[in-house]
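Enquirer: Chain A is already provided as a structure; the job is to place chain B on it using the hints.
Protein chains: 2
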Amino acid sequence: MCAEVSLSSLGEFGLIDRIRARFPQPLLPELGIGDDAAVLSPSLGMQLLVSTDLLAEGVHFDRSFGPARLLGRKALAVNLSDLAAMGARPRWFFLSLAIPSAFPLDDIEGILDGLAEQAAAHDCILAGGDTCGSKHGLVISVTVMGEQSPELVLKRNGAFPGDDIWVSGWLGDSALGLSLLQEGQRLDGEGSPIARHLDPVPRLLLGRELAQASLARAMIDISDGLLADLGHVCRQSGCGAELMLEQLPLSERFRAYAAAQQTYPWQMAASGGEDYELCFTASPDNRAAIREIGKKSGIPVTVVGKVTSCGQVRACLPNGSIFQPSSSGYTHF
Amino acid sequence: MCAEVSLSSLGEFGLIDRIRARFPQPLLPELGIGDDAAVLSPSLGMQLLVSTDLLAEGVHFDRSFGPARLLGRKALAVNLSDLAAMGARPRWFFLSLAIPSAFPLDDIEGILDGLAEQAAAHDCILAGGDTCGSKHGLVISVTVMGEQSPELVLKRNGAFPGDDIWVSGWLGDSALGLSLLQEGQRLDGEGSPIARHLDPVPRLLLGRELAQASLARAMIDISDGLLADLGHVCRQSGCGAELMLEQLPLSERFRAYAAAQQTYPWQMAASGGEDYELCFTASPDNRAAIREIGKKSGIPVTVVGKVTSCGQVRACLPNGSIFQPSSSGYTHF
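Protein chains in written order, with this note's numbering: chain A, -19 to 313; chain B, -19 to 313.
Chain A extracted, bound-state conformation (with noise of 0.2 Å):
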């Protein structure tokens, strides 16, 4: 590549130009980039939803895994998830880069552009945000925010002894996507797991029709693991649960992985992080409405176990003795 323009030679201001003119900007009377602060206009009696993540180089991320624009997807892919799991309507979202100076511009058009693919296909308007230079590694925080009518939110603390557990998708494709990728497998076409992994999709439709039908109890979404998530749910719901491991949704290859391996592959689709697919529970009498939900929003449901009154959260082997999962989690520190 001959005389590529640097992000030195652009700017700040060139760079924030460049952001500007690949999103639409918030309508009148509301204010997106190019005040001290975005001036936005709530809808009346609706409550906000607000999510953040920080995306850092080299713990979240490895820019050689894949595509800038698969990066861009999923720094506020992540973000959507969490207000799919409120049943939340996406409205408006916030985007800090810190970014080196040597930094390709190639792969900053590369990450704008998935992230307006993502905002662009949910709705979701940039409103501000903030750009600097990092003296190691890039750095995305996105903050979003959503709407929803305060009696249909859904939390972590509805959760009812007795309620069904679901999962919405496939779970344990994301940790398989990154062990291939981390063994040196790359990219390799739509809906594998490295694509799962590199480029998941918020389930905000499914989230919003459950809100909006009033059928769940509880809900979060997978990011840390089924098991670590589920407790969550647990804990803030004062109950325990019984997950029945056969019963959990594992996708094609997935279970060709598995195969191959001679094993089963439980830690993965229990515990392994980011599958991004939404948990929730509901009462054993709104099963057929949930199926036709999910039917609607194209993302098939599982019921994988029971709310129990026990407080602790079980997962039951396909022979009936009990999985002890070697993390339950990602650990940051």
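Quick caveat, the hints were computed from the structure, so don't treat them as lab data. Yeah, the Cβ is synthetic: ideal placement off N, Cα and C, and Gly gets one too. Keep in mind that the hints are not guaranteed to be accurate.
Over 12 Å on every C-beta distance to chain B, these chain A residues come out as not near it, computed from the model [stated by the list, open to error]: (1) H102; (2) G164; (3) L167; (4) Y237.
For the chain B half of the interface with chain A, some residues (derived, Cβ under 10 Å), not all of them [said to hold, decoys possible]: (5) L11; (6) A36; (7) F74.
Quick list of the computed label-pair ranges, beta carbon to beta carbon [unchecked claim]: (8) A:E97 to B:A101: 39 to 45 Å; (9) B:E89 to A:K115: 21 to 27 Å; (10) A:D86 to B:Q292: 54 to 60 Å; (11) B:P141 to A:G(-9): 25 to 31 Å; (12) B:A240 to A:P4: 51 to 57 Å; (13) A:L(-10) to B:D265: 39 to 45 Å.
Expert: Frame of chain A; chain B shown alone:
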């Protein structure tokens, strides 16, 4: 120090528990730390003002320059200053920390102390955030949210030819403080240039009073230096400005430094960054009322020039010639 507790022994959830214990949480029916997203109830009919800043070690701060507590105070102050510049009342903030695993826990505690002090001083509630590891250096990302009535929000685009240009407080202290820190000096008491650099005070009361009284037409906070930030106001208002440099408010310590150097350090006063004072424009008819509000807020306010129709920002030296800044603000890349 013996048996220092390390971050890795505390773990992510231990750290989150410590953070949660230190900050008052939103009152029901709102929800702060502990679910997928914070659940907030904006006041009916108010607009929401949102600003975000990311601070990276080695770029925005040098931990050897002062105590961790002041770093925590400043991380929130620079965001609150953006709300001050819109005339908003702070409501909630979100805190993301990327922390190297060897980072001293005492310094984390210091940062949290400083954040908690600043938050309490301005009635701003910690409603969520993210904590994770960092391979290189500490990263602090803060998003702050405030409110104001739509008709009272003060933007950058309202300046009008003939308006007075006002600034609050004193200019240049922060740039001087940074330069002294870089020369090896350290914190030397309240109100000194070094203290003003390490512990800026957001002008929230002044900003809000000006907005509530509808006395100002455009406002910005001075983070990149007066000339650069006034340039933003002029561009967005489609006008220009003429500054009288000898009218810039300079602190006694700044004057003493300038006298000792036998120079007038206009560069620091007019283009030094991180003053976090307010710059606003207003009709000359409002002078007495604005001085009154300055008194009420306890912050001096000074007329430093006029808005013009020419489209340029000109800064006049005492001898009538035009000042040429060597740089009109901080460059990030």
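Enquirer: Against each hint, give a clear statement of whether it holds in the structure.
Expert: Now for the hints, and whether the structure bears them out:
no.: 1; hint: H102; result: holds, 15 Å
no.: 2; hint: G164; result: holds, 21 Å
no.: 3; hint: L167; result: holds, 24 Å
no.: 4; hint: Y237; result: holds, 28 Å
no.: 5; hint: L11; result: holds, 7 Å
no.: 6; hint: A36; result: holds, 5 Å
no.: 7; hint: F74; result: holds, 5 Å
no.: 8; hint: A:E97 to B:A101: 39 to 45 Å; result: holds, 42 Å
no.: 9; hint: B:E89 to A:K115: 21 to 27 Å; result: holds, 24 Å
no.: 10; hint: A:D86 to B:Q292: 54 to 60 Å; result: violated, 36 Å
no.: 11; hint: B:P141 to A:G(-9): 25 to 31 Å; result: holds, 29 Å
no.: 12; hint: B:A240 to A:P4: 51 to 57 Å; result: holds, 54 Å
no.: 13; hint: A:L(-10) to B:D265: 39 to 45 Å; result: holds, 43 Å
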